[in-house]
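Chains as they are written, first to last, in the working numbering: chain A, 1 to 370; chain B, 1 to 370.
Errors might be hidden in some of the hints.
No copy is singled out in the list; a pair is fine if it fits within one copy or between any two copies.
Cut-off 30 Å, straight-line C-alpha distance, at most; resulting in silico cross-link-like pairs (BS3-like, lysine-lysine) [said to hold, decoys possible]:
no.	residue 1	residue 2
1	K212	K295
2	K9	K238
3	K322	K42
4	K80	K97
5	K42	K334
6	K238	K365
7	K322	K97
8	K62	K97
9	K334	K62
10	K57	K295
11	K80	K9
To be clear, the hints were calculated from the coordinates, so they are not data collected in a lab.
There are 2 protein chains.
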Amino acid sequence: MSIFRVDLKKVVDDSYDIVVDFGLQDKLVEDLENGLLGNVKKLAIITDSIVNDLYAKPISEKLINAGFSVDIFVFPEGEKSKTRETKAMIEDQMLSKGYRRDCAIIAVGGGVVTDLAGFLAGTYGRGVPFINYATTLLAAADASVGGKTAVDTPLATNLIGLFNQPRKVYLDIMTWNTLSNRQIIDGLAETIKHACIADASFFDYLEDNIDKILSLDKECCMHIARENVRIKYNVVMKDELESGLREVLNLGHTVGRAIETASEYRLMHGEAVSIGLVAEVNLAYDLGLINEEEKDRVIALLNKTGLPVAIPDYIDRDYLVKKLYTDKKVRNGKLRFVLQNGIGSVKEFSENVYAVEIEEERVRKIIMAM
Amino acid sequence: MSIFRVDLKKVVDDSYDIVVDFGLQDKLVEDLENGLLGNVKKLAIITDSIVNDLYAKPISEKLINAGFSVDIFVFPEGEKSKTRETKAMIEDQMLSKGYRRDCAIIAVGGGVVTDLAGFLAGTYGRGVPFINYATTLLAAADASVGGKTAVDTPLATNLIGLFNQPRKVYLDIMTWNTLSNRQIIDGLAETIKHACIADASFFDYLEDNIDKILSLDKECCMHIARENVRIKYNVVMKDELESGLREVLNLGHTVGRAIETASEYRLMHGEAVSIGLVAEVNLAYDLGLINEEEKDRVIALLNKTGLPVAIPDYIDRDYLVKKLYTDKKVRNGKLRFVLQNGIGSVKEFSENVYAVEIEEERVRKIIMAM
Numbered sequence: 001m002s003i004f005r006v007d008l009k010k011v012v013d014d015s016y017d018i019v020v021d022f023g024l025q026d027k028l029v030e031d032l033e034n035g036l037l038g039n040v041k042k043l044a045i046i047t048d049s050i051v052n053d054l055y056a057k058p059i060s061e062k063l064i065n066a067g068f069s070v071d072i073f074v075f076p077e078g079e080k081s082k083t084r085e086t087k088a089m090i091e092d093q094m095l096s097k098g099y100r101r102d103c104a105i106i107a108v109g110g111g112v113v114t115d116l117a118g119f120l121a122g123t124y125g126r127g128v129p130f131i132n133y134a135t136t137l138l139a140a141a142d143a144s145v146g147g148k149t150a151v152d153t154p155l156a157t158n159l160i161g162l163f164n165q166p167r168k169v170y171l172d173i174m175t176w177n178t179l180s181n182r183q184i185i186d187g188l189a190e191t192i193k194h195a196c197i198a199d200a201s202f203f204d205y206l207e208d209n210i211d212k213i214l215s216l217d218k219e220c221c222m223h224i225a226r227e228n229v230r231i232k233y234n235v236v237m238k239d240e241l242e243s244g245l246r247e248v249l250n251l252g253h254t255v256g257r258a259i260e261t262a263s264e265y266r267l268m269h270g271e272a273v274s275i276g277l278v279a280e281v282n283l284a285y286d287l288g289l290i291n292e293e294e295k296d297r298v299i300a301l302l303n304k305t306g307l308p309v310a311i312p313d314y315i316d317r318d319y320l321v322k323k324l325y326t327d328k329k330v331r332n333g334k335l336r337f338v339l340q341n342g343i344g345s346v347k348e349f350s351e352n353v354y355a356v357e358i359e360e361e362r363v364r365k366i367i368m369a370m
Numbered sequence: 001m002s003i004f005r006v007d008l009k010k011v012v013d014d015s016y017d018i019v020v021d022f023g024l025q026d027k028l029v030e031d032l033e034n035g036l037l038g039n040v041k042k043l044a045i046i047t048d049s050i051v052n053d054l055y056a057k058p059i060s061e062k063l064i065n066a067g068f069s070v071d072i073f074v075f076p077e078g079e080k081s082k083t084r085e086t087k088a089m090i091e092d093q094m095l096s097k098g099y100r101r102d103c104a105i106i107a108v109g110g111g112v113v114t115d116l117a118g119f120l121a122g123t124y125g126r127g128v129p130f131i132n133y134a135t136t137l138l139a140a141a142d143a144s145v146g147g148k149t150a151v152d153t154p155l156a157t158n159l160i161g162l163f164n165q166p167r168k169v170y171l172d173i174m175t176w177n178t179l180s181n182r183q184i185i186d187g188l189a190e191t192i193k194h195a196c197i198a199d200a201s202f203f204d205y206l207e208d209n210i211d212k213i214l215s216l217d218k219e220c221c222m223h224i225a226r227e228n229v230r231i232k233y234n235v236v237m238k239d240e241l242e243s244g245l246r247e248v249l250n251l252g253h254t255v256g257r258a259i260e261t262a263s264e265y266r267l268m269h270g271e272a273v274s275i276g277l278v279a280e281v282n283l284a285y286d287l288g289l290i291n292e293e294e295k296d297r298v299i300a301l302l303n304k305t306g307l308p309v310a311i312p313d314y315i316d317r318d319y320l321v322k323k324l325y326t327d328k329k330v331r332n333g334k335l336r337f338v339l340q341n342g343i344g345s346v347k348e349f350s351e352n353v354y355a356v357e358i359e360e361e362r363v364r365k366i367i368m369a370m
C-alpha cells in the first residue's frame, strides 16, 4: 500500500468591505476603475425583471462609459425564480456570449438576485469574483452580507448552494425609495430579528422609531442599515461557515422557512420569518427562556411594523410540521431550534451550540395555537 | 458613507491522503469506522450504472454491516450523464431521503462519477465532505486527484464546477481488471501526458513497458498509479486553484477537449486528449520548442499504446477550430496553449505563466494537416 499526503494548508483571505450610503452607483464604477477586481474588464450584471430598468441599466451604462465590457442577464422577479433552472439559463447565456474565467459578476437586486448570482459566480469556471449591489432593505439586512448563496428546489429552500464571499458589497439606501410598502415592511423582519438576537437597545430604537423608519426617514434608514451590518458581520466573522455561532441568525427561520415554502411563496421571506419569530418566541416562552412581557413586546413590534404574526388559514398545519424537517439544522432526524434568551440575546445551550433539539409535539402545539 | 470591513482571513487545511493498492474496500470501511469523517453516520454513495453492481453495492453492504446508514444513487454510465440535470436529479433524491448537512458522499467510479459527485458534495447543504473511490485508470491518473470537479453543459465541458478537495482518495488498482481494453488504453493518455510535462525517465519507462502495462502487470500498474499521483499532486500542491503552474496539466486539453465535444463523446476523454497531445506537440515543434525526434517519440508512444493520433474524418475542422474558443484558458478572446519544451518539461513563458497566446491561423494549419 502506498500513501501520498497532498498538503493543502493555506491562508485564505476572503475579507471585504461593505459600503452603506445614499446613491452608490458612481462609487461602484470608481472602485472598479481603481482596480477593485484587478484586470477584469468583462462584467456580467445579473438582475431581475424589475430592478433591470431601475438600476441595472443605469449602472451598465456607466460601466460601459468607463470602458468595461458589460452584458445584463435578466430573470423574472420573485423567489420562484431562485432555482437551478434559472442558474443554468444564465450560465448558458453567459457561455454563449463568450464569458470565461476572466470575467466577474455584479449582482444588482434584492436577496433573490444576490443569492442566485453569488452561487452562480462560485461555480462559473470553478469560481469568478462577484460584487453585490443591494437594492432592497431585505438584501441590506440579510442576503447580501455574509456569503451564503443558494437556490431553492422543490423539496427545500436554500439547500443547494455555497459559502461564497463577495469582493465588495454596496448597500444603496436610495434604492429603498423604489420599494413598495410591502417590501419595506418585509425587509424589517430580519432587522427585528437582528435586534432580538443581539441588541436590546437596538430593539428599543426600533420600538421608538418604527413610524419614521416606515416613512423612510433618511437618518433612520442609515442607522438601521448600519446596525444590521454591524450585528450580522460580527456573527459572520466569528463563524463564517456556520459551525456554531452563526446558527443564531436562524432565529425565526426554522418555522419561517417552512411557512414560506408551505405558502408557495404567497408570503414574502420577511413575512414568513415574522410568523416564524412569533412561533419561536412562543417556544422560548414555553421553555421559560423569555418572560411574558418580553414575548409580547416582540410580537407587538412585528405587529406595529405591519408584519403578519399569525399563520394564514390557508396553510395546512400538519403539512407545515412535516416541512420543518427540511430545515438544514435537522440532525439525526430531530428538529433543532435557535431560541431567544430574553430580548437581545440567544441561548447558548452548551459551548458554541446555539440550536437545541425540541420534541415535535411541543412545536406542534404552538403551531396549532397560532 | 459608512464602510465596514468584514475580516475573513483564515487558515484552511484541505490536506488529504491518497491511498494506492490492490483492493481497498476494507481499508475504506476501516478508515470510516476510525473516524475519518468524524461523527458522520449517513453516507450517500454516488455511482454509475456499470460500477454499481461491481463495486458500489459490495462497498455499501460492508458499510451497512459496520453500522452506517447508506443509500446508493445511480445514474446512467458515460460522459453524457455529467450534466446539471443529473446533479439535480441526485440532489432531489437525496433531499427526499432526508439527507441534510450531517451526511457525506462517497464517489465510487471513474472520472465522470468523481467529477459529478465532488461538485454535488460541494453545493449540497452548502458543502458536505466527500471521498473518492476511483475504479478506473483514468480516474486514478487524473480525475480523482486534485479537487477539480465539474459538469458539462451543451456549450462547454467542465466549465460549471468547483475546486473542492476530497477528504481521502482510494485508488484501487484491482478494479482495473474489470475495465475494457478500450478503457485501459483511454486511461493511459493522461499517464503519457504526465510523463510529457514532468518526467523524461517516466516517459522512457512507459516506452519500455507499454506491453506489460496493457496486460495489467501488477508491478507496472502500481508503478504508473504512483507516478501519476506523484506528478499530479506535486503540481496541485503548488497551485491548487490553477492561477499559474497548474495550467501545465492542460497539455493536450485545449485541442483535446474541443475534439471530445465535437465528436459528441464518440471519443472517450483520453482518446481525445491523445489527439490533442499530437496536435499540441506539432505546435511545439512548429514553434521550435521540441525537436523532430522527440515529437515523433511522443506520437509513437501514443500510437503504440493504441490511442488515436489523428483527427477522425467525421469531425468538421472549422467547427473544431471554433470549439477551441470554449476553452477556459481563453483570455480576451485569444487562444492560449500549454506547450512541451522537449520531453518531460513544459515551457515557462514568463514567471509562473505556462500558457501562451497562439494565433488561430497557426493552430488551424496544424489541425488541417491532421
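Consistency of the hints with the structure:
1. In the homo-oligomer, the alpha carbons of K212 and K295 lie at most 30 Å apart inside one protomer (24 Å), although the nearest pairing across protomers, at 77 Å, exceeds that limit.
2. Taking CA atoms no more than 30 Å apart as the test, K9 paired with K238 passes in both settings, with 20 Å inside one copy and 11 Å between copies.
3. Proximity of K322 to K42 under the C-alpha cut-off of 30 Å is restricted to the inter-copy arrangement: shortest distance 21 Å between copies versus 46 Å within a copy.
4. With identical chains, the CA atoms of K80 and K97 are at most 30 Å apart both within one copy (26 Å) and between copies (23 Å).
5. For the homomeric pair K42 and K334, the shortest alpha-carbon distance between copies (14 Å) is at most 30 Å, but the shortest distance inside one copy (47 Å) is not.
6. Proximity of K238 and K365 under a CA criterion of 30 Å is satisfied in neither setting, with 35 Å inside one chain copy and 57 Å between copies.
7. Taking CA atoms no more than 30 Å apart as the test, K322 paired with K97 passes between copies only; the shortest distance there is 14 Å, against 44 Å inside one copy.
8. When the C-alpha separation of K62 and K97 is checked against a cutoff of 30 Å, the pair qualifies only within one copy, where the shortest distance is 21 Å, while the shortest distance between copies is 49 Å.
9. For the identical chains of this complex, K334 and K62 are inter-copy neighbours only, at 27 Å across copies versus 51 Å inside a copy, given an alpha-carbon limit of 30 Å.
10. Taking the shortest alpha-carbon separations for K57 and K295, neither the intra-copy value of 45 Å nor the inter-copy value of 53 Å comes in at or below 30 Å.
11. For a Cα distance limit of 30 Å, the shortest separation of K80 from K9 qualifies neither inside one copy, at 40 Å, nor across copies, at 35 Å.
Going down the numbered hints, you'll see the structure goes against 6, 10, 11, while the others check out.
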